[in-house]
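*Asks:* Chain by chain, the residues:
There are 4 protein chains.
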Amino acid sequence: MNSFGRYFRVSIFGESHGPAIGIVMDGVPAGIPLSEDDFTEDIDRRRSGGDGTTPRREPDCPEILSGVHDGFTTGAPLTVIIKNENAHSSDYDLFRDMPRPGHADRAASVKWNGYNDMRGGGHFSGRLTLPIVAAGVVAKKILCRNAMIPINARCIEIGGIDFSSGMKIMYICDNIEASEPSDTCRFGPCEECPSRSAVEVLPIPVIAAIERAMEAGDSLGGVVECVVEGLPAGLGEPFFDSVESLISHAVFAIPGVRGIEFGDGFRASKMKGSEHNDPIGKDGLPQKNGAGGINGGITNGAPVVFRVALKPTSSIRKKQHTMNFAKGEMSDLSVPGRHDSCFALRAPVVVEAMTAIVLADLVRMPI
Amino acid sequence: MNSFGRYFRVSIFGESHGPAIGIVMDGVPAGIPLSEDDFTEDIDRRRSGGDGTTPRREPDCPEILSGVHDGFTTGAPLTVIIKNENAHSSDYDLFRDMPRPGHADRAASVKWNGYNDMRGGGHFSGRLTLPIVAAGVVAKKILCRNAMIPINARCIEIGGIDFSSGMKIMYICDNIEASEPSDTCRFGPCEECPSRSAVEVLPIPVIAAIERAMEAGDSLGGVVECVVEGLPAGLGEPFFDSVESLISHAVFAIPGVRGIEFGDGFRASKMKGSEHNDPIGKDGLPQKNGAGGINGGITNGAPVVFRVALKPTSSIRKKQHTMNFAKGEMSDLSVPGRHDSCFALRAPVVVEAMTAIVLADLVRMPI
Amino acid sequence: MNSFGRYFRVSIFGESHGPAIGIVMDGVPAGIPLSEDDFTEDIDRRRSGGDGTTPRREPDCPEILSGVHDGFTTGAPLTVIIKNENAHSSDYDLFRDMPRPGHADRAASVKWNGYNDMRGGGHFSGRLTLPIVAAGVVAKKILCRNAMIPINARCIEIGGIDFSSGMKIMYICDNIEASEPSDTCRFGPCEECPSRSAVEVLPIPVIAAIERAMEAGDSLGGVVECVVEGLPAGLGEPFFDSVESLISHAVFAIPGVRGIEFGDGFRASKMKGSEHNDPIGKDGLPQKNGAGGINGGITNGAPVVFRVALKPTSSIRKKQHTMNFAKGEMSDLSVPGRHDSCFALRAPVVVEAMTAIVLADLVRMPI
Amino acid sequence: MNSFGRYFRVSIFGESHGPAIGIVMDGVPAGIPLSEDDFTEDIDRRRSGGDGTTPRREPDCPEILSGVHDGFTTGAPLTVIIKNENAHSSDYDLFRDMPRPGHADRAASVKWNGYNDMRGGGHFSGRLTLPIVAAGVVAKKILCRNAMIPINARCIEIGGIDFSSGMKIMYICDNIEASEPSDTCRFGPCEECPSRSAVEVLPIPVIAAIERAMEAGDSLGGVVECVVEGLPAGLGEPFFDSVESLISHAVFAIPGVRGIEFGDGFRASKMKGSEHNDPIGKDGLPQKNGAGGINGGITNGAPVVFRVALKPTSSIRKKQHTMNFAKGEMSDLSVPGRHDSCFALRAPVVVEAMTAIVLADLVRMPI
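Chains as they are written, first to last, in the numbering used here: chain W, 1 to 367; chain A, 368 to 734; chain L, 735 to 1101; chain E, 1102 to 1468.
There could be a bad hint or two in this list.
Keeping only pairs whose Cα atoms sit at most 25 Å apart, straight-line, the calculated DSS-like set for lysine-lysine is [to be verified]:
1) E/LYS1428 - L/LYS1016
2) W/LYS282 - A/LYS694
3) L/LYS1052 - E/LYS1428
4) E/LYS1383 - E/LYS1419
5) W/LYS327 - A/LYS649
6) A/LYS450 - A/LYS508
7) E/LYS1420 - L/LYS1022
8) L/LYS1053 - E/LYS1420
9) A/LYS694 - W/LYS288
10) W/LYS83 - L/LYS1052
11) E/LYS1419 - L/LYS1022
12) E/LYS1383 - L/LYS1053
13) A/LYS450 - E/LYS1383
14) E/LYS1389 - L/LYS1061
15) L/LYS1061 - E/LYS1419
16) W/LYS141 - W/LYS83
17) A/LYS686 - W/LYS319
18) E/LYS1419 - L/LYS1052
19) A/LYS685 - W/LYS318
20) A/LYS649 - W/LYS319
21) W/LYS282 - A/LYS508
22) A/LYS450 - W/LYS288
23) A/LYS649 - W/LYS318
24) L/LYS817 - L/LYS875
25) W/LYS327 - A/LYS655
26) A/LYS685 - W/LYS288
27) L/LYS1016 - E/LYS1383
28) E/LYS1428 - L/LYS1022
29) L/LYS1016 - E/LYS1389
30) W/LYS282 - A/LYS685
Covered, in the sense of this in silico footprint (three residues per stretch, anywhere, with C-beta under 8 Å from a C-beta of chain E), are these stretches of chain L [what the hints assert, rightly or not]:
31) 759 to 772
32) 807 to 814
33) 868 to 879
34) 885 to 898
35) 1030 to 1042
36) 1051 to 1060
37) 1084 to 1098
Think of the hints as simulated: they come from the structure by calculation, not from any bench.
All C-beta atoms in this analysis are idealised placements derived from N, C-alpha and C, irrespective of residue type, glycine included.
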């Protein structure tokens, strides 16, 4: 089924080339200020990929159909839709005969006996992460009603290049880019300079790798790390509603996820107990946080930390030799159209949204 | 909450040192042959760790309280309990004051305001995997009612030593162990020899690493790989009930899991699309199975393959410097009692059980 | 929460004067033919109250947002919305100060701390039965995929006047109404007469009672009986998913329902066992059906029969003396606007829809 | 499925003649005092039927298997079982061939393909209300943690004899029964008399009707009324989680229930709006409570009031002519064994338990 959550529940719907995609949120407390503008920032982050380029305001504007009145949530189910533009749907007839490698085309056709809407990937389209981002905006607001609980996800690896030590900050002053802030410019001391800005940029080798992949009609994968601070200890349940169970459940609902690990993750399996174990400090918190903020499925008060592996984009221009069921023989396929060469760059805000959806549910769980 | 599944649902209960632990299974079809003996094999695998030693029959005998009559499931809820033996519960008073590093002692006390039963880890004990293994036995029977769907999990890495290419087979003939079968023995040709047997044994370096850890009062982690064959294409749902979502949800309910990855997993994030993508063959199946048998959350007909990272055992004899809340100061703690030095060795049958629980639910989902 | 069902699940949303009301259906099988025209008949029945007047085609046209492609359901979530027209919302400011007797105005304001949308009753409006009727249309199609399972609900009592023996049939021929078909008319033998029609009409005393209530600015209640034929034996579960549990759960979600009874219902509590018990006949079916088609929560193969008590419409023109919270004193209230004088007349198709929603869920339950 | 509730969830299991029956409760807050003695009073009420006879302590003692430690709930799942005594199971072979009229024998055999345990009615036995009463005890404790929320159910009609104005109180003083308290006795003024007691007794005509039914080998039905005081306004949800939906769902899980009505109930459908509508008083409460404490599915602060229709006991000694499937012909059946002639007398505490289970769930719902 296509819904998730017990106390804060989302139900997703829509196909890429149908009239609209959307999400219903149930369990939204009454009295939270909300307008359509609140979605802009995260929708923009999803669109631009946070790759340092100026976010552009494009037509993917969410419309609130229900659950908000006079600028506040009403307590009733909150529905957001995003209308689809007309698209060249005929492009997709091909994929019924020749399912795209790495895509759900084939599995979906078997599941739904050929009735699935294949245009733009239909219900399987990455476009469906748009309503998830919208729900994430509401979830973040629920989460932060009583205390600040910031969720921050970012790419830490692209195409095998690890930049987890942090993205490079570029300083732009007087239209000159530099890796360090300039001391002075024609406006005077740097701190007060009106033209000064600092942006996170991908490391040069990553940008180069992306460009090479694009030129080759190929694509890259990546790893997203997510950190949640400010969560109280005691959330989650020992077994089936462990915090890891719930987060991984939601994160694997993001198209293209291949793995998830918490805290020390796969590295923990190579460690000794004395290395991985976390002595508890005077503040009651683990001192190294190798468990990623969770013990026995329950938050322990330290930041929740996890990493998500995202595969390279499946739709590539580069030729692939795959089955053509109409012809009954293997043929070459070059997927037409414009596609992300690395959708992992756009994934952090989606991972944040899923995390917020899970945590909004958890903080509403009665203790 | 402590239940899982929509069509085949399990509800787990019990504390390590309470009267009994158990599990209720709802949605078991009527007419499946089942007796208490059916649990023996998997319960033994969990106990012995499958490390090549002879499994011993010990008192952890499941009792069927409901749902079985005259040797067949009745269709009504099926309940299995395992009684707990008397244990030295006083040992555990210490951990209220001085929560064990790596354990849920502290998080559980915060969550339940100190009312949690801490004896033996209480409801957080690894002993609770016993009823999960029992439910797995029933789930495997449900799964294989109409077709063979074998689930096989095994350790592929212990203490950082990768032996994924397969465990060594030791041939025992006439009480002599050898790495190759002997051609002859006093009974005649090897094939008919009544005393001949072959067992999987851990590689020597792994056994040595375990022994070193035990001597040092320390512990090791490991990685378990699970392969499911025979699943039809079309199981699962696009978003929140993706096969990965459901399996990861259940697997993270196993105490001590730190990560999970499907198919190429974290390695996929370092690959190009043209490498990771799976051309579909004439048989309609992906040719490399880098997606681990799942596309868009839906099974594609290829084997489902995933790997689980397990942390080293938390309870270690080796001294740890951690907070003593009674004294209000950091103190040394050496966890007393006998503990696994590597519980990952006992985990494969638990991973199989969780997988079977998920898949029994999925195959009962109407299409 | 505002969703219902396990295998066929509906999630309702919307407020009476918001942009739109709607419903998401999850678990719809792929391949069912469906267009927006399919909703017309039941939507018309809900509108006109089935009181013998000509149904008019009005603007409450459902739009399918997702889950249908090329005239067939796709298997993905099916969303239907109905846009709201502009309405005189200012009318409703009054009711915040002076909650209407019999309405949810007061309870909703307490629940949602005054943030609820009160315009037109907001999320509590009877208008929300419109998407339920739409979901009922889809549910009926699911139910009848393999076998005919007709669901028929009708009013059997209005304003205390019992007409359960059946509504009167009026024959209209050549524009002349008569209680019996005429043998001949100018077109020739009656059977082939192109202008001939037969309509069910309410008994004269009921029509008179309704008119008297309208004149007095008052309202009437009624009883709806629902009969489901063709259900196989064996649906439902012994305890919490008994057929009665599920149907009553859904039926009490209809605004204004005060009671429900199955088979002999409340009359059964006055009977002796030898009277109420149902001997089983040679066909394996109960011979009197006093249990309403259900034993031990499970369908027994006989028609499922139940009756629903509906209260009189709460919004009345007649003066009521009730609390004015703004003034802090009791005042007279005459609810303005046009309201049904007996919404029970429009309820049968809503009861059918709820029943279909429950049964579509039940027939999809694996056995 | 056999579980119910979202925040406080019960899962029932067991067969009448199996090893044990029981219930798992999930979502029990930690720190509630609970011992096995706490179950005695309600279990005794269920046993004796509250008919004025001295409750006897019999072997149906609940055992707590999990979730309680040192006299307090731990927060982990709470499991209670009641062991079954040996019973004459062979009695029940007959009913496979000749299903008892009014029982689930036939429907259950069809549902579960003949694998159902028919001994004592198996999972369909009224004995399963025993764990429900046990769960009710826990639910009542949850409900009353912060405020008194008394739930009181009692029979108001038996065999068609209405005594809703209250059961007669008999005063027993110095071993003399009287319908009024005596002014004096040998101990002195009545109020301080140590031998004085007052008991509720059924009206004489009811007792006579029960005796006549017993002599005739027949049975009687009845009506139970339940009143819940002290509930805050604002509980419940507008549609599918309306308070009536949830209570009726749980109440129809009690074997033998044929109908339920809230407030004015079926009588409301015969009333005018001006009669049934409830003006709101200065205290913010409805003045007549014809809605039974609920508007729009939401509690309004007035007592929740509902009535439940219970059928006459199905198992009767009196001959019934019904199908014998082994012989292929209609035959006479006289159900052997000792059975209640009116189980409605024992139902009030079961109705209370179900109500408490629903309300414990509702009060734990986050607002």
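*Asks:* Next, verify each hint and record whether it holds.
*Replies:* Going through the hints against the structure:
Among the hinted pairs, E/LYS1428 with L/LYS1016 is consistent with the structure: their alpha-carbon atoms are about 11 Å apart, no more than 25 Å. Distance hint between W/LYS282 and A/LYS694 is fulfilled; the C-alpha atoms sit about 11 Å from each other, no more than 25 Å. For the hint pairing L/LYS1052 with E/LYS1428, the CA-to-CA distance comes to about 66 Å; that exceeds 25 Å, so the pair is violated. Simply put, E/LYS1383 and E/LYS1419 have alpha-carbon atoms about 57 Å apart, too far for the 25 Å limit, and the pair is violated.
For the hint linking W/LYS327 to A/LYS649, the alpha-carbon distance of about 11 Å falls within 25 Å, and the restraint holds. A threshold of 25 Å between alpha carbons decides the hint, and for A/LYS450 with A/LYS508 the separation of about 24 Å falls inside it, so the pair holds. With a C-alpha separation of about 17 Å, the suggested pairing of E/LYS1420 with L/LYS1022 holds against the 25 Å cut-off. A distance of roughly 59 Å separates the Cα atoms of L/LYS1053 and E/LYS1420; the hinted pair therefore is violated under the 25 Å criterion.
Annotation: proposed proximity of A/LYS694 to W/LYS288 holds, straight-line Cα distance about 22 Å (limit 25 Å). Restraint check: the Cα-Cα separation between W/LYS83 and L/LYS1052 comes to about 45 Å, which exceeds 25 Å; the hinted pair is violated. The hinted pair formed by E/LYS1419 and L/LYS1022 meets the criterion: a straight-line CA distance of about 18 Å does not exceed 25 Å. Restraint check for E/LYS1383 and L/LYS1053: satisfied, since their Cα atoms lie roughly 18 Å apart, inside the 25 Å limit.
Annotation: proposed proximity of A/LYS450 to E/LYS1383 is violated, straight-line Cα distance about 59 Å (limit 25 Å). Taken as a hint, the E/LYS1389 and L/LYS1061 pair is honoured in the structure, with Cα atoms around 22 Å apart against an allowance of 25 Å. With a CA separation close to 66 Å, the supplied pair L/LYS1061 and E/LYS1419 exceeds the 25 Å bound. In summary, the hint linking W/LYS141 to W/LYS83 is supported, as the alpha carbons are separated by about 24 Å, within the 25 Å threshold.
For a cut-off of 25 Å, the pair hint linking A/LYS686 to W/LYS319 is broken: about 59 Å separates their Cα positions. With a C-alpha separation of about 55 Å, the suggested pair E/LYS1419 and L/LYS1052 falls outside the 25 Å cut-off, and the hint is violated. This hinted pair does not check out: A/LYS685 and W/LYS318 have alpha carbons roughly 55 Å apart, beyond 25 Å. Proximity of A/LYS649 to W/LYS319 is assessed by CA-CA distance (about 18 Å); at most 25 Å being required, the pair is judged to hold.
Of the pairs offered as hints, the one joining W/LYS282 and A/LYS508 is violated, with about 50 Å between alpha carbons and a cut-off of 25 Å exceeded. Only pairs whose Cα atoms come within 25 Å are accepted, and A/LYS450 paired with W/LYS288 is rejected, the gap being roughly 38 Å. Using a Cα cut-off of 25 Å, the hinted pair A/LYS649 and W/LYS318 holds, with the two alpha carbons roughly 21 Å apart. At roughly 24 Å between alpha-carbon atoms, L/LYS817 and L/LYS875 fall within 25 Å of each other, so this suggested pair holds.
Simply put, W/LYS327 and A/LYS655 have alpha-carbon atoms about 22 Å apart, close enough for the 25 Å limit, and the pair holds. The suggested pairing of A/LYS685 with W/LYS288 holds, with an alpha-carbon distance near 18 Å, which does not exceed 25 Å. For the suggested pair L/LYS1016 and E/LYS1383, the alpha carbons sit about 63 Å apart, so the restraint of at most 25 Å is broken. Of the supplied pair hints, the one linking E/LYS1428 and L/LYS1022 holds, its CA atoms being roughly 22 Å apart against a limit of 25 Å.
Of the pairs offered as hints, the one joining L/LYS1016 and E/LYS1389 is violated, with about 51 Å between alpha carbons and a cut-off of 25 Å exceeded. At most 25 Å may separate the alpha-carbon atoms for a hinted pair to count; W/LYS282 and A/LYS685 meet this at roughly 21 Å. Residue count for the stretch 759 to 772 of chain L with a Cβ under 8 Å from a Cβ of chain E: 0. That is fewer than the three needed, and the coverage hint is violated. As drawn, the stretch 807 to 814 of chain L meets chain E at 0 residues by the rule of a beta-carbon pair under 8 Å; below three, the given contact is violated.
For the stretch 868 to 879 of chain L, the proposed coverage by chain E is not satisfied: 0 residues have a C-beta within less than 8 Å of a C-beta in that chain, short of the threshold of three. Counting residues of the stretch 885 to 898 of chain L whose C-beta lies closer than 8 Å to any C-beta of chain E gives 3; at least three are required, and the coverage claim holds. For the stretch 1030 to 1042 of chain L, the stated coverage by chain E holds: 6 residues have a C-beta nearer than 8 Å to a C-beta of that chain, and at least 3 were required. With a threshold of 8 Å between beta carbons, the proposed coverage of the stretch 1051 to 1060 of chain L by chain E holds, since 6 of its residues qualify and at least three are required.
Note: the stretch 1084 to 1098 of chain L has 0 residues with beta-carbon separation from chain E under 8 Å; the three-residue rule is not met and the coverage is violated.
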